[in-house]
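S.K.: From just these sequences and the hints, can you work out the full model?
In the order they appear, the protein sequences are chains A and B.
The working numbering applies: residue 1 is where the first sequence begins, and numbers increase by one.
The working numbering applies: residue 1 is where the second sequence begins, and numbers increase by one.
Just so you know, the hints here were simulated from the structure itself, not pulled from any lab data.
Beta carbons: idealized from backbone N, C-alpha and C, even for Gly.
Heads up, some of the hints might be wrong.
What the hints assert, rightly or not - In silico DSSO-like links for lysine-lysine, alpha-carbon gap of 30 Å or less:
{"id": "1", "chain 1": "A", "residue 1": "K250", "chain 2": "B", "residue 2": "K146"}
{"id": "2", "chain 1": "B", "residue 1": "K235", "chain 2": "A", "residue 2": "K250"}
{"id": "3", "chain 1": "B", "residue 1": "K398", "chain 2": "A", "residue 2": "K250"}
{"id": "4", "chain 1": "B", "residue 1": "K67", "chain 2": "B", "residue 2": "K422"}
{"id": "5", "chain 1": "A", "residue 1": "K216", "chain 2": "B", "residue 2": "K444"}
{"id": "6", "chain 1": "A", "residue 1": "K250", "chain 2": "B", "residue 2": "K362"}
{"id": "7", "chain 1": "B", "residue 1": "K434", "chain 2": "A", "residue 2": "K216"}
{"id": "8", "chain 1": "B", "residue 1": "K264", "chain 2": "A", "residue 2": "K250"}
{"id": "9", "chain 1": "B", "residue 1": "K402", "chain 2": "A", "residue 2": "K131"}
{"id": "10", "chain 1": "B", "residue 1": "K100", "chain 2": "A", "residue 2": "K131"}
{"id": "11", "chain 1": "A", "residue 1": "K131", "chain 2": "B", "residue 2": "K178"}
{"id": "12", "chain 1": "B", "residue 1": "K444", "chain 2": "A", "residue 2": "K250"}
{"id": "13", "chain 1": "B", "residue 1": "K100", "chain 2": "A", "residue 2": "K216"}
{"id": "14", "chain 1": "B", "residue 1": "K146", "chain 2": "A", "residue 2": "K216"}
{"id": "15", "chain 1": "B", "residue 1": "K264", "chain 2": "A", "residue 2": "K48"}
{"id": "16", "chain 1": "B", "residue 1": "K362", "chain 2": "A", "residue 2": "K48"}
{"id": "17", "chain 1": "B", "residue 1": "K398", "chain 2": "A", "residue 2": "K131"}
{"id": "18", "chain 1": "B", "residue 1": "K492", "chain 2": "B", "residue 2": "K552"}
Said to hold, decoys possible - Here are some of the chain B residues that sit facing chain A, going by a computed Cβ distance under 8 Å:
{"id": "19", "residue": "P111"}
{"id": "20", "residue": "H138"}
{"id": "21", "residue": "T142"}
Here are the chains, one letter per residue:
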Amino acid sequence: MVGSFLKFLALSVMVLVVLIPMWSVLVTSLASRETLAEAGGSMVFLPKEIDFTAYQTILSGGIVTRALWISTLVTVAGTAISLTFTVLAAYGLSRPGSVGHRPILFYFLLTFLIYPGLVPTYLVVTGVGLKDSLWSLILPTAISVFNLVVMRGFFQNIPQDLLDSARIDGAGEFRILLRIVMPLSKAVIAVVGLFYAVGYWNAWFNALLFIDNSDKFPLQIVLRSMILLGQSPQFSGATTGSLPPTESIKMAVVVLTILPILVIYPFVQRHFIKGVILGAIKG
Amino acid sequence: MTSPLAGAATNRRKFLGLAGLSAVSVAGGGLLTGCGEERSGSGGTADTGKFADVLPAKGELPAGLPKPDLPGVKPMPDAYSSFPTNLVDAISEKPGTSGKEISALTPAWGPAPPGMANNAYIQAINAELGTPVNFSTHDGLTYVDKLNTLLGARDVPELLCVPQWEVDRLPRFSDATKALFEDLTPYLAGDKVKAYPMLATFPTEAWRTSVWNGRLMAIPNPTDGPFAWSFFYRKDLLDAKGLTYPKTIDELFEIGKQVTDPRKGVWAFNDITKMVAMLHKAPGSKTGWRLKPDGTPEHQLETPEYKQAIEFMAKVFKAGLVHPDVVATSGGDAKDLMESGKILFLQDGPGTWQGMQAEQQKITPTFNIQPVPIFSATGGDPLVWGDWEPISWLFIRKGLAKERVEELLRIINWCSAPFGTKEWVQREFGVEGKHFTNPSAPAKTELGFKEIANQYFFISGRQPVIPPAPETPRYVSELVAYNNAMVKYLEKDPWEGIKIEFPAAYKAASTPNEDKITDIVRGRRPLSDLDTLASDFRSKNGGDEARDLLAKALSNGGK
Chain A
1 MVGSFLKFLA
11 LSVMVLVVLI
21 PMWSVLVTSL
31 ASRETLAEAG
41 GSMVFLPKEI
51 DFTAYQTILS
61 GGIVTRALWI
71 STLVTVAGTA
81 ISLTFTVLAA
91 YGLSRPGSVG
101 HRPILFYFLL
111 TFLIYPGLVP
121 TYLVVTGVGL
131 KDSLWSLILP
141 TAISVFNLVV
151 MRGFFQNIPQ
161 DLLDSARIDG
171 AGEFRILLRI
181 VMPLSKAVIA
191 VVGLFYAVGY
201 WNAWFNALLF
211 IDNSDKFPLQ
221 IVLRSMILLG
231 QSPQFSGATT
241 GSLPPTESIK
251 MAVVVLTILP
261 ILVIYPFVQR
271 HFIKGVILGA
281 IKG
Chain B
1 MTSPLAGAAT
11 NRRKFLGLAG
21 LSAVSVAGGG
31 LLTGCGEERS
41 GSGGTADTGK
51 FADVLPAKGE
61 LPAGLPKPDL
71 PGVKPMPDAY
81 SSFPTNLVDA
91 ISEKPGTSGK
101 EISALTPAWG
111 PAPPGMANNA
121 YIQAINAELG
131 TPVNFSTHDG
141 LTYVDKLNTL
151 LGARDVPELL
161 CVPQWEVDRL
171 PRFSDATKAL
181 FEDLTPYLAG
191 DKVKAYPMLA
201 TFPTEAWRTS
211 VWNGRLMAIP
221 NPTDGPFAWS
231 FFYRKDLLDA
241 KGLTYPKTID
251 ELFEIGKQVT
261 DPRKGVWAFN
271 DITKMVAMLH
281 KAPGSKTGWR
291 LKPDGTPEHQ
301 LETPEYKQAI
311 EFMAKVFKAG
321 LVHPDVVATS
331 GGDAKDLMES
341 GKILFLQDGP
351 GTWQGMQAEQ
361 QKITPTFNIQ
371 PVPIFSATGG
381 DPLVWGDWEP
391 ISWLFIRKGL
401 AKERVEELLR
411 IINWCSAPFG
421 TKEWVQREFG
431 VEGKHFTNPS
441 APAKTELGFK
451 EIANQYFFIS
461 GRQPVIPPAP
471 ETPRYVSELV
481 AYNNAMVKYL
491 EKDPWEGIKI
501 EFPAAYKAAS
511 TPNEDKITDI
521 VRGRRPLSDL
531 DTLASDFRSK
541 NGGDEARDLL
551 AKALSNGGK
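M.R.: What follows is the structure, given as structure tokens:
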């Protein structure tokens with residue numbers, strides 16, 4: 001009885017540790033400037049009113065809306081492309097008999113240790129004509145070796161006998177992958193898909209480097225620029241005049257940024273632990 | 001999945017540094033003023049006084065410009081208390097002739113403006129120019145990451161803006177100017193600048209800083225104020241308590257104690273170490289140097305004045321006069337604390353004044369921030385840190401045809417039209433009725449705020465003046481009075497006119513040294529660590545190397 005109570009207490013504290021900051025973020029994003037001023041310009045914990053000004057400021061003018069579509073496009077297309085490449089590579093590398101799979105695997109793993117560097121990456125991306133193209137947000141990060149290793153480990157757990165019997169029945173490698181391996185690997189595909197989707201949704205540095213036209217900026221670049229307002233050097237020779245960011249705008253940015261992931265996460269959560277553990281214990 | 005390129009992002013230190021733009025250039029430590037002729041890890045210097053033959057001849061401002069009604073004590077800029085009713089049409093011909101799109105990269109602080117295709121402001125100004133400028137506008141705080149990559153990849157746009165405070169963070173910048181950017185000497189030196197009359201009006205000092213490797217490599221965007229730091233107080237709140245600003249260092253401490261009331265959530269200060277060092281007359285030239293009576297360079301870390309200042313600051317922190325949010329971090333959101341009355345004194349860049357007053361008076365009509373008049377903590381005349389480095393430089397890509405370079409210079413010339421001209425109003429405010437209303441005191445519309453992000457400002461320069469600030473009617477006259485009072489005490493820079501690039505070890509030690517000072521004043525390290533810091537600075541952290549460089553710079557310059 002005492003043990004259960006202590007467990008309940010400990011879990012309650014942990015839940016509160018997570019929920020209180022999220023609550024404060026939400027309440028601050030809905031606070032008026034007067035409420036913020038009373039709170040010393042920082043986080044608000046007790047709501048006095050609901051004021052959507054911060055969200056109106058962010059969402060008015062079409063810039064954020066456009067960026068939202070771009071981020072959605074990049075996330076959906078990027079995740080699809082990444083999953084396709086990762087599944088194909090992981091399946092090939094998980095079969096011991098596949099041609100050159102050890103050198104290829106070694107080559108993939110080498111990228112864990114050796115990163116090409118900023119300037120060479122930039123030169124390659126611009127050299128193949130991706131500068132100022134949305135492809136530059138997808139292709140340079142299309143395959144994550146970490147995700148590949150996780151998925152390969154999962155595929156290796158699928159009994160070889162099952163695949164052999166399919167082969168005896170006349171199935172080719174693509175049919176085996178599509179009809180047997182992938183249906184058995186929903187958990188890891190869901191988890192790796194979530195990893196990719198979160199990565200594409202949150203990515204901003206590639207856009208900083210490769211995208212010149214602000215009409216092609218993804219959401220994270222645009223939202224970040226809103227937070228920076230008021231951090232700028234101010235020249236009396238130039239007009240600034242824009243409203244400085246209140247804490248409510250910053251917190252509204254946080255809410256808008258995490259909302260899509262929060263919405264998606266419950267649907268993938270049931271696969272999460274299974275996918276990660278199964279993939280991780282087999283190297 | 002994390003981008004492999006992540007991690008090069010900016011950090012809080014950069015945020016805070018930028019908030020006090022000119023401050024970082026003078027006293028922030030580690031920032032240098034440019035690049036020298038001898039560029040290497042051991043630093044370099046160049047006496048810009050020897051570059052007279054590459055500098056543009058000084059020209060006159062366009063005829064008919066309104067006279068400023070609030071004169072600044074030279075070299076401080078003059079000011080205008082109101083907008084002129086009759087604007088001068090300074091440039092009658094369209095500067096662009098080719099119609100071929102110009103690529104430009106400029107920094108921005110604030111919401112990303114729409115691109116050219118969706119930006120009526122850019123389209124309107126481009127129509128005036130005759131040749132479209134297509135801006136790539138990037139977040140000012142990570143601008144250096146973009147610059148580093150572009151310079152490393154040798155992939156620069158036709159017009160590239162480089163903020164002054166970023167030059168230090170760009171490795172081998174002097175070499176980069178030579179390899180990547182057009183030498184403008186043949187276009188602008190001497191009387192050749194007459195083809196671009198607005199550029200000819202820039203201060204010669206600003207042009208002098210635009211020389212790299214003995215050649216005129218960039219167009220400066222001259223600064224309108226030299227001061228590194230200002231020290232603001234909430235006049236409305238001090239008045240309500242029957243108090244006024246301090247006139248001595250002891251009064252500063254006493255008033256700090258009187259206004260601090262943790263039960264009400266009010267403390268006196270943010271981190272005012274820089275300001276206190278200045279009040280104690282520690283040196284600030286070239287990141288904190290001065291000459292001893294025997295002519296040897298001496299860094300502030302080695303001076304008794306700086307030690308006194310740090311001791312005073314340790315006392316301030318120990319007495320609990322600094323807001324706990326600031327104590328817990330390297331800076332905290334000090335502006336927010338000042339705006340909400342949680343602190344009553346704020347050390348910040350001078351630019352904070354008008355912006356904060358304009359915004360906060362909408363919420364609190366009695367809101368009133370004022371700068372504390374400068375005083376000396378140790379008797380005699382006070383000392384004020386500052387310099388006249390430009391806000392930014394504009395470079396033109398190397399290898400363009402002569403006609404193209406001339407067209408770009410004409411475009412820059414148009415954008416550089418001074419206050420009082422039609423071109424200035426168009427550049428600053430866009431189209432009347434669309435981007436601003438009330439031409440006698442222009443106020444930006446919502447569209448104006450969204451589309452205008454100083455794009456054309458960063459591809460231009462001007463003879464600096466202080467324009468009117470209709471939202472804060474008292475501000476301009478108060479600023480001029482403040483400037484005129486401060487400039488009398490502006491520190492004489494022994495290395496004025498000499499471009500210095502400090503040794504790599506000296507630059508690398510700058511941030512760790514600042515962190516240690518932060519720890520000392522907050523009581524996390526003993527005060528005695530200051531002596532160790534000074535000793536390490538000399539022997540391990542490039543201090544002696546920098547001293548030799550500075551001494552050599554003076555002897556080479558014949559000073």
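S.K.: Would you mind marking each hint as holding or not holding in the structure?
M.R.: Results of checking the hints against the structure:
1. A:K250 to B:K146: The given pair, whose Cα atoms are some 24 Å apart, holds under the 30 Å limit.
2. B:K235 to A:K250: holds, 29 Å
3. B:K398 to A:K250: violated, 41 Å
4. B:K67 to B:K422: Within the cut-off at roughly 16 Å; holds.
5. A:K216 to B:K444: OK: A:K216 and B:K444 at ~26 Å, within 30 Å.
6. A:K250 to B:K362: Roughly 20 Å between the alpha carbons, so the hint for A:K250 and B:K362 holds.
7. B:K434 to A:K216: holds, 25 Å
8. B:K264 to A:K250: This hinted pair holds, its Cα atoms lying about 26 Å apart.
9. B:K402 to A:K131: Within the cut-off at roughly 27 Å; holds.
10. B:K100 to A:K131: Satisfied, since the Cα-Cα distance of roughly 20 Å is no more than 30 Å.
11. A:K131 to B:K178: holds, 25 Å
12. B:K444 to A:K250: Distance ~23 Å between B:K444 and A:K250 Cα, so the pair holds.
13. B:K100 to A:K216: holds, 22 Å
14. B:K146 to A:K216: The given pair, whose Cα atoms are some 17 Å apart, holds under the 30 Å limit.
15. B:K264 to A:K48: holds, 20 Å
16. B:K362 to A:K48: holds, 20 Å
17. B:K398 to A:K131: holds, 21 Å
18. B:K492 to B:K552: Measuring from Cα to Cα gives roughly 19 Å; hence the hint holds.
19. P111: holds, 5 Å
20. H138: holds, 7 Å
21. T142: holds, 6 Å
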